[in-house]
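From just these sequences and the hints, can you work out the full model?
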Amino acid sequence: MRSFTIRQSATLFSLTLLTLAFGLAQAQAKSDFSGTWKLNAAKSDFGPMPPPDTRTDKITHQDPSLKANVASTGGMGGDVTYDVSYTTDGKECVNKMGDNEFKSTLKWDGDDLAVDTKGSFGGNDFTAKARWTLSADGKTLTVTTHFSSAMGEGDVKEVFDKQ
Numbered sequence: 152m153r154s155f156t157i158r159q160s161a162t163l164f165s166l167t168l169l170t171l172a173f174g175l176a177q178a179q180a181k182s183d184f185s186g187t188w189k190l191n192a193a194k195s196d197f198g199p200m201p202p203p204d205t206r207t208d209k210i211t212h213q214d215p216s217l218k219a220n221v222a223s224t225g226g227m228g229g230d231v232t233y234d235v236s237y238t239t240d241g242k243e244c245v246n247k248m249g250d251n252e253f254k255s256t257l258k259w260d261g262d263d264l265a266v267d268t269k270g271s272f273g274g275n276d277f278t279a280k281a282r283w284t285l286s287a288d289g290k291t292l293t294v295t296t297h298f299s300s301a302m303g304e305g306d307v308k309e310v311f312d313k314q
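When the letters of the sequence shown are read in order and numbered with the numbering used here, they come out as residues 152 to 314.
Take these hints with a grain of salt, some might be off.
[Said to hold, decoys possible] Cut-off 25 Å, straight-line C-alpha distance, at most; resulting in silico cross-link-like pairs (PhoX-like, lysine-lysine):
(1) Lys247 / Lys290
(2) Lys258 / Lys189
(3) Lys290 / Lys269
(4) Lys258 / Lys247
(5) Lys308 / Lys194
[As the list claims (entries may be wrong)] Pairwise CB distance ranges, derived in the manner of DEER restraints:
(6) Gly303 / Met248: 19 to 29 Å
(7) Lys247 / Ala287: 30 to 40 Å
(8) Asp260 / Gly289: 26 to 36 Å
(9) Asp276 / Gln314: 15 to 25 Å
Think of the hints as simulated: they come from the structure by calculation, not from any bench.
All of these numbers come straight from a predicted model, not from anything done at the bench.
Built from N, CA and C at the ideal position, the CB exists for glycine as well.
Given below as structure tokens:
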């Protein structure tokens with residue numbers, strides 16, 4: 152009878168370890184930003200800049216690869232469509248939008264992505280520090296950005312709804 156109790160204890164201990172290991176694996180899982188995201192201008196804050204009339208980001212995220220197709224109409228940029236490719240491992244990634252080149256590094260900060268970008272737009276050098284945050288239900292993507300250039304600095308908050 153005693154060996155049966157020891158076996159039961161060993162089984163219970165094994166199940167407890169398995170449950171803890173599974174819980175830790177889930178806690179360490181990173182956010183997946185994949186999907187089609189539509190800008191919610193009413194919840195966003197562009198500061199002194201005019202918001203675009205529409206913007207849709209189609210993101211494919213298979214960590215560490217993150218690719219996006221961005222389509223925007225109106226606002227300061229007019230009608231623009233471009234593609235960007237990143238890695239989330241902290242390595243520098245170079246993307247172009249027209250004749251403008253941007254160098255970015257993306258790193259995980261918990262479940263959020265910290266994005267540091269340097270580049271030139273229209274002959275003006277700039278830096279931008281962004282944070283991508285996914286809501287707990289995975290339906291809202293919030294991108295907060297602090298930018299600075301010779302023309303000044305500011306903050307932008309973009310809120311996207313998953314389609």
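So, going through the hints one by one against the coordinates:
no., hint, verdict
1, Lys247 / Lys290, "29 Å, violated"
2, Lys258 / Lys189, "24 Å, holds"
3, Lys290 / Lys269, "29 Å, violated"
4, Lys258 / Lys247, "20 Å, holds"
5, Lys308 / Lys194, "8 Å, holds"
6, Gly303 / Met248: 19 to 29 Å, "21 Å, holds"
7, Lys247 / Ala287: 30 to 40 Å, "35 Å, holds"
8, Asp260 / Gly289: 26 to 36 Å, "18 Å, violated"
9, Asp276 / Gln314: 15 to 25 Å, "35 Å, violated"
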